[in-house]
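A.B. asks: Sequence lines, in order, name chains A and B. Quick note: the first sequence, position 41, residue 41 per the numbering used here, numbers continuous. Quick note: the second sequence, position 61, residue 255 per the numbering used here, numbers continuous.
Rather than coming from a laboratory, the hints here were simulated on the basis of the structure. None of these values were measured; they are calculated from a predicted model. Hints may contain errors.
If you want the footprint, here are the derived chain B segments under chain A, 3+ residues with CB under 8 Å [stated by the list, open to error]:
#1 303 to 311
#2 336 to 349
The following label-pair restraints were derived from C-beta to C-beta distances [what the hints assert, rightly or not]:
#3 A:Q176 / B:A240: 45 to 53 Å
#4 B:T212 / A:A75: 45 to 53 Å
#5 A:A75 / B:A203: 50 to 58 Å
#6 A:A75 / B:R322: 25 to 33 Å
#7 A:E99 / B:D251: 28 to 36 Å
#8 A:G25 / B:D251: 15 to 23 Å
#9 A:E99 / B:D263: 36 to 44 Å
Just so you know, even glycine gets a beta-carbon here, dropped at the ideal spot from N, CA and C.
These are the residues of each chain, in order.
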Amino acid sequence: MTTPPRLEVRERILEGTSRAICAGGVRQTSLTDIARASGCSRATIYRHFPGGRDELLEALVAFEHRRFFVRLAQAVESATTLEEVVERGLMVAHRALVELEVLQIVLREQPELLEPTLVRASQPTLRLVADFLTPYLEAYGVADQATRASHADYLARMVMSYMSAPGRFDLTDADQVRDLVRRELLAGLQVHAA
Amino acid sequence: MSDSHDAVAPSTRERVVTATLRCLAAQGLRRTTVDDVAVESGISRATLYRAFPGGRDTIVAAVLDAELDRLSDAIESEVAAASDLGGALARTLRVATVWLTANEAIATLMFDEPAVLLTHLEFEQMDRTLAVSSARLAPLLLRFLDADAAERVGEWVTRLVVSYLLFPSDEIDLSEPAGAAALVERHMLPAVAVMHSQASV
Numbered sequence: 001m002t003t004p005p006r007l008e009v010r011e012r013i014l015e016g017t018s019r020a021i022c023a024g025g026v027r028q029t030s031l032t033d034i035a036r037a038s039g040c041s042r043a044t045i046y047r048h049f050p051g052g053r054d055e056l057l058e059a060l061v062a063f064e065h066r067r068f069f070v071r072l073a074q075a076v077e078s079a080t081t082l083e084e085v086v087e088r089g090l091m092v093a094h095r096a097l098v099e100l101e102v103l104q105i106v107l108r109e110q111p112e113l114l115e116p117t118l119v120r121a122s123q124p125t126l127r128l129v130a131d132f133l134t135p136y137l138e139a140y141g142v143a144d145q146a147t148r149a150s151h152a153d154y155l156a157r158m159v160m161s162y163m164s165a166p167g168r169f170d171l172t173d174a175d176q177v178r179d180l181v182r183r184e185l186l187a188g189l190q191v192h193a194a
Numbered sequence: 195m196s197d198s199h200d201a202v203a204p205s206t207r208e209r210v211v212t213a214t215l216r217c218l219a220a221q222g223l224r225r226t227t228v229d230d231v232a233v234e235s236g237i238s239r240a241t242l243y244r245a246f247p248g249g250r251d252t253i254v255a256a257v258l259d260a261e262l263d264r265l266s267d268a269i270e271s272e273v274a275a276a277s278d279l280g281g282a283l284a285r286t287l288r289v290a291t292v293w294l295t296a297n298e299a300i301a302t303l304m305f306d307e308p309a310v311l312l313t314h315l316e317f318e319q320m321d322r323t324l325a326v327s328s329a330r331l332a333p334l335l336l337r338f339l340d341a342d343a344a345e346r347v348g349e350w351v352t353r354l355v356v357s358y359l360l361f362p363s364d365e366i367d368l369s370e371p372a373g374a375a376a377l378v379e380r381h382m383l384p385a386v387a388v389m390h391s392q393a394s395v
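Just chain A, same shape as in the assembly (with noise of 0.2 Å):
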């Protein structure tokens, strides 16, 4: 494709988007205030965004959730078991989606605007996470397929569950979530088919 310089207008509009929603909340940011802190004229903004300023806050949302999955996946890139990569995973996970200040602006504002990708293309998402540990447990020893793949499956669920709720744990205490890990997500994996 010969789009990159688009990309990059409409990443920048997405990011100037960001930076307006965390200076003044979602209902308050209008499309001027996203033309100003993009840098970028309206006309360019609806050039871009056809739908306006809905369609841009969908947008918002997706880019930081693709962004959010692109950034933990390199964070944890050079591990090299299953516990390693499940462990910084968790940790690196939630600081972000902590820190990750747009979000909780949306979720606390207009939920609604999460539903399309948090409800609707969270299917994807799951069999995303799913598909990146399958090759870790190979590693860790589960020769069968049928029981990586339904042990990716769960793992990537309670990965995604604890990332956003992490209930008893503190998840910014390296030894808590490796006695996490250990006794309770991977203690419940048979290394052989059953």
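Position chain B relative to chain A; hints supplied.
C.D. replies: Below, chain B without anything else, positioned relative to chain A:
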């Protein structure tokens, strides 16, 4: 707020809960007003506001409490009939899933206004949901587990029910006894065994 809860006559409370559930099932949360609840329950607005001074939010909170009580009762009687931990966990997963799936108010919310549910199932609100539900589940599991493991497993069960409800799986159907049992045997019991052996060292 809890004072006003105590002051509401049980029969009024029950009528309001039933009426609100019917409104939620028919039109979701956003469109349900105190007026709708008044019409549906046959209780005047004035009486409703006296019983639930916070208006709609207080009514919805009362409905949530009442529904959680009903769900807890359903789970409690199932767990009481279980002879071992595996059976208790599988029954809990299945009853909670069947109950939540059959609940028309929840079904409407999930279909029309998933964001309303989402706000309770993600981030800080989910932590609150987990705390409430594990506090209710843990005592039921004390027959099989020590207090710490019971709380831990109570939270874990909640996470599983929510996950399979939000992202249905082709492989595991928690509303079926076989699906619930498979999940418990495959993933929960081996970990619980480790939890126990390490706790006793």
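A.B. asks: Hint by hint, note whether the structure agrees.
C.D. replies: Hints versus structure:
no. : hint                        : in the structure
1   : 303 to 311                  : holds (count 4)
2   : 336 to 349                  : holds (count 3)
3   : A:Q176 / B:A240: 45 to 53 Å : holds (51 Å)
4   : B:T212 / A:A75: 45 to 53 Å  : holds (50 Å)
5   : A:A75 / B:A203: 50 to 58 Å  : holds (56 Å)
6   : A:A75 / B:R322: 25 to 33 Å  : holds (28 Å)
7   : A:E99 / B:D251: 28 to 36 Å  : holds (30 Å)
8   : A:G25 / B:D251: 15 to 23 Å  : holds (21 Å)
9   : A:E99 / B:D263: 36 to 44 Å  : holds (38 Å)
In this structure, none of the earlier numbered hints is contradicted; all agree with it.
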